[in-house]
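Line order of the protein sequences matches chains C and D.
Numbered according to this note's numbering, the first sequence spans residues 4 to 487.
Numbered according to this note's numbering, the second sequence spans residues 244 to 1069.
Hints listed in this document are in silico derivations from the structure and should not be mistaken for laboratory results.
Being a predicted model, the structure only gives us computed values, none of them experimental.
Do not rely on the hints blindly, as some may be mistaken.
As the list claims (entries may be wrong) - With a straight-line cut-off of 27 Å between C-alpha atoms, the simulated BS3-like cross-links for lysine-lysine are:
#, chain 1, residue 1, chain 2, residue 2
1, C, Lys402, C, Lys95
2, C, Lys238, D, Lys987
3, C, Lys95, C, Lys352
4, D, Lys987, C, Lys249
5, C, Lys442, C, Lys95
6, D, Lys693, D, Lys675
7, C, Lys238, D, Lys885
8, D, Lys687, D, Lys665
9, D, Lys687, D, Lys664
10, D, Lys996, C, Lys249
11, C, Lys120, C, Lys399
12, D, Lys919, D, Lys700
Letter by letter, the chains look like this.
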Amino acid sequence: MTKKQNPLYPCGQFTPANVSRREMLMSSGCGFGMLALSTMLQEEAGAGQSYPDPLAARSGHFYPRAQRVIFIFLAGGPSQVDLFQHKPKLTKHHGQSPPQSISHDNEFTTEGFESTKLLRPITRFRRHGESGIWLSDLLPHLSRQIDELSILNGMVADNPAHTPAIRQLFCGSPFLVQPSLGAWTSYGLGTQNHNLPSFVTIDGHPFSFGGAFLPAIHQGTKLEGKPNYTIRHLKNDMLKGAQQTKQQELLRSLNGRNLEETGTNPVIEGLIDSYELAFRMQARTDGIVDISRETRQTRTLYGVGEEPTDIFGRSLLVARRLSEAGVRFVQVYTGGWDHHTGISSSLPKSCASHDKPIAGLIADLRQRGLLDDTLLVCAGEFGRTSFDQDLSRGKKPPKTYGRGHSQLGFSVFMAGGGVKSGFVHGDTDELGYRAVEGKVHIHDLHATILHLLGLDHERLTYRHGARDVSLTDVHGRVVEEILT
Amino acid sequence: MCIRKTEVLVFGAAFLQAFVAPLFGDEALDHHAVAFFEKSIRPVLIEHCYECHSNSAKEIGGGLRLDSRTSIRLGGDSGQVIVAGNPNESLLVAALRHEDLQMPPDGKLPAHVIADFIRWIEIGAPDPRDGDRHSEKSGFDIEAARDFWAFRPLSGAKGSIDHFVAGKLTGMSLKANPLADKYTLLRRLFFDLTGLPPEPEEVNAFVRDESSDAYERMVDRLLASPRFGERWGRHWLDLCQYADSLDAERIFPNRGAWRYRDYVIRAMNQDKPFDQFVVEQIAGDLLPHRNDAERAEHIVATQFIAMGPMNLVNQFKTQLRMDIVDNQVEKVGRVFLGLSVGCARCHDHKFDPLKQEDYYALAGILQNVQVLNGFRGVSGVFSDWMRQPIPELPEERIDREQRTLLHQQRAEQLESELAAKKTEIAQLETEKETGAPGKDSLQKDEKIEKLKDEASKLEKGLRDHVKANKPQSPTVLAAFEPVRPTNARINIRGNALNLGEEVPRGIPRVLKAVREIPETASGRMELAESLVHRENPIVSRVFVNRVWHHLFGTGIVRTVDNFGTRGEEPSHPELLEALAQRFITNGWQVKTLIRGIVLSRTYRLSSSHDPLAWSVDPGNRLLWRHSPRRLDAESIRDSLLKISGSLSSLAGGPTLPPAEWNTEEVAQFDQISSPKSGRFDVLQGRSIFLPVSRAALRFDAGDPLRQFDFPSPNDIAGARQSSTVPTQSLYLMNSPFVSTRAKKFADRLLARKLASEGEQVNSIYLSAYGRPVRPAEIREGLEFLNLASAVPASGDDKNTTEEPRQTALARLCHAVLISTEFLMHD
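Working from the sequences, and respecting the hints, build out all of it.
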């Protein structure tokens, strides 16, 4: 391969248009040629364009176990001791004051901490599946998928308040404005779908799908408006059908002439491509999110059409359709997991609306053969205390008590693309309070997810403000123990 | 597209190449390579090679130095040691393999390290280290640091802009483009100086004016326009993290922020000398003043240093305070010096001449600014902030008194309504007690319940009104000089709780300090004066480069916020020197600087494509043409408002009240029948007057500014992104804001009663593109009007009462307003 170097641009960032894209990529000075070439071969139609397509699918740093991610966020902090971590000692010491290891813990205090008592799990735990993993009776559907799951019971995060913790779960840092995990994924891998953006989120706080300083194309596109889901400004309420088609034809003609007159112009070409993608999104999105195209059987699997699972079931079914259509990173945001009060009645409700859809998604991915290269992650921003919280300060009966926030030890589970199945990693102490073995910090979770996608968290960096910034900063360790 | 095919190709590529890095924008391209170098190559060189092969070696082994890009490429006594791209021909690899030469002599390095070197050479041996003068040396040599080009005294280069540009072009055997036509030039000048397009009449008048100084007079007219400050003030606000709120998550309004925004606009319009502008913003409160107005202005100016993102909810208060100071240090460094000083918070700067002591010396000055002030509320979680009173000007006092009167009247009205309710309740209760029980009594109970409900609402309303709406005398979050200024202590590894040595307050040593900081002063004044001191020309270099960046789309130094060793070097070093020198000589007059640039031939070049020049210099570093770009966010929004005749004449003052900051409302005010505050002047005003919230995020789909890369107020953004994403296209095609602008534009055309539809099409082109329509375009426009008015309305359109022709005209306007030619700034 001969190397032609432009003295002005030793790195070959700029592409003379009179050299074909193929020629340019093969000759570029910094060795990125082969990668980009593979991209180009997939989309011959784009040859001759004078700028690289930032969303073109590309390989990461090494062989990926997963091609795509579905990330389910259970906002609020699901209780690990009521759902995933079987702690007989907690039942035994129920009603007692927490031991010194907890009460002398000065890392944080929660409201009502002075009079708190240990609180046993609100229902029984049983072993399930061939793996014999313990799971709460509150999750009967997930119990039947237990042999698909990798459960991380030694999760830790840095901050016990929602906003910083959610920010950390999505962006790595509790306080700084940083790109989200999905945006990093898009930046690293591009997309396989040419009718939709690479990163789609169903609802969610803006920072959870923000791109911060990454090129804006990598930020998530939000689907909103339950139960039918759409993208903002996908349709023009003032201009419909044939009227808009005519207008689009005119717009194409105006833009085409503009490009013809100016000659090679990456900016105009980019704008035109962006319009074309927008036209395709306008034409295809409805079809992709239309779950009526699914069989009744599939919809039932997710609990669509019945209460209380209808809404969340729809979200997950739409997520699967997006994922199947090639969207690299699909994120689903769902709330209702912040059980400060009345946990004995409110947690079962939250479980009832989420258990069946999540189990349904896993079963559906499995039956379609998608689970092998789709990584499913299900996480809250932190967990909850193993002692109770009484916000009424003694004015109301114990059944109104709940649990406070705790980032010191909680659970996250994954399934599919490259993680062990029917596997538990890590644990908290015997009261379910603090992670003591197999600790996995949020940074480690990020490093692991990126690893499964074929990306090295230390090498996936972007220059911002004179620094090479990465999702995990100087932290992060791939949790090798859960990899297949 | 078939997923399977992709997989094969993607995996194929992964096997083909051990080292792959994604292909992205400029920055990403080289920084992956750089990151690889930093991680896998440099540490090995330092650990195993520098002892004998660097500047600091007692005796340089084999005449070979490996501690700079130049020297490693130059080779040593045995000749060249690396052949970029060809590891097998590189002596270095042979030596590492212990084939011929054996290096390091004390033992072969592990195989994976050698593999890294092979890979590194395969990808062209990317090496971010600078030339000879920046060899890797431990220790810190201030004189050497000052010898880096950005810190050196000005070179004294003389000559015109065109002279320097032509010199470079000739050197590469390139020819500059011809001058842009008058239409293009006028539109360019209008957007650059005012952020708005010219009116059709202005276009026609300018083109007809054949006098030799027509362009020059236009430049002077636009520089004198109040719109100039609204455009250039916004450029400055991009740098100083301007926002009308304080916290990054919740809306705590910064009620005096607009005074700073107006101060900046005024400074630009009055052409306040830049050195004075800098001193006022850092130490205005310490300056003498002639009257109250000047005193107020001086305090307001220091909001520059006080304003910035803060997490008031952070429970770790020591860290929060230090985070605020860190932001201020970074701001001073980036904005004025083009240096990322923040890196030195945790360690000596890896690349630039900044030691941790420099950081904490500067932090010491700035920690005395005191932004926080105890706690807000009772929870002990939310920090409160300083509110500094400023002198109230007579007209402000009169205004406040009037509003106070209204406020009292409203309070009295609420009080009397409340009293009336209470009387009614009492009356009913008496009646009930004296009356017989039964149906009547039950009804009375219900009525009493209802009244009590209303009364409690009134009570709450009254409380809120008294508390929140009471007109206050003006305060701002600004700098404050304590009686006993303190020094900062080094935060070991950036941890505010892990304190090291105390560092005396001081100016970073790469700058010449004007004088010692007295013990009784924070040092802000000394800092400010040092920045604009003649012997520190970097501030002038950085600023003229920012101006150049705004006028050409790219700086002479492309990394406008980074003049350090990790930034880029200037494309035209002598030009930058000459501009910086002239800027100082001309008394730091910003308008004079801009005038000189826009009058140059280089600025007036056509942006058209030239295959030969493009093949040599596609990025236009040599300025063979004017670089075409996309319009920025404000230019798009403000132009749409202006062209549709909706732009208000608002020129300053408070922005919307926080309750109305919902970006949805700001973006889609057409749907709001009446905002509570009645502030349509803000909603339809220029973008610079819209509220900026730190909590709202840039990707909020409803906000036209954030759609088009309006920077986060938490960033220091000398250069904005210019992204192209489909959500922008969807926004332009489908948002009510744009559709309504198109409709109003069409209404405006119809109201002008032009002679023909052809005239209408011409007028559309003149307004949107700043040029007259061509015959083929008229034909296309008329054809569209025929077709579009013949298309039967579908769906909801059936209900429209408008004439099909009128609707079709709006569609035509819409297409033109979102077309690439409109969106381009060339």
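Hint consistency between C:Lys120 and C:Lys399 [alpha-carbon to alpha-carbon, up to 27 Å]: Satisfied, since the Cα-Cα distance of roughly 15 Å is no more than 27 Å.
Distance restraint between C:Lys442 and C:Lys95, which requires alpha-carbon spacing of 27 Å or less: The hint holds at about 25 Å.
D:Lys919 paired with D:Lys700 [C-alpha distance capped at 27 Å]: holds (19 Å)
Holds or violated: C:Lys238 to D:Lys987, with C-alpha atoms at most 27 Å apart: Judged against 27 Å, a Cα distance of about 20 Å means the pair holds.
Straight-line alpha-carbon gap D:Lys687 to D:Lys665, limit 27 Å: holds (15 Å)
Satisfaction of hint between D:Lys885 and C:Lys238, Cα-Cα up to 27 Å: Distance ~25 Å between C:Lys238 and D:Lys885 Cα, so the pair holds.
Given pair status - C:Lys249, D:Lys987, alpha carbons within 27 Å: holds (20 Å)
Straight-line alpha-carbon gap C:Lys95 to C:Lys352, limit 27 Å: Measuring from Cα to Cα gives roughly 26 Å; hence the hint holds.
Straight-line alpha-carbon gap D:Lys693 to D:Lys675, limit 27 Å: With a Cα-Cα distance of about 15 Å, the restraint between D:Lys693 and D:Lys675 holds, given a limit of 27 Å.
Satisfaction of hint between D:Lys664 and D:Lys687, Cα-Cα up to 27 Å: Given pair D:Lys687, D:Lys664 holds - Cα atoms ~14 Å apart, limit 27 Å.
27 Å Cα cutoff - pair D:Lys996, C:Lys249: holds (26 Å)
C:Lys402 paired with C:Lys95 [C-alpha distance capped at 27 Å]: holds (19 Å)
The structure shown violates none of the earlier numbered hints.
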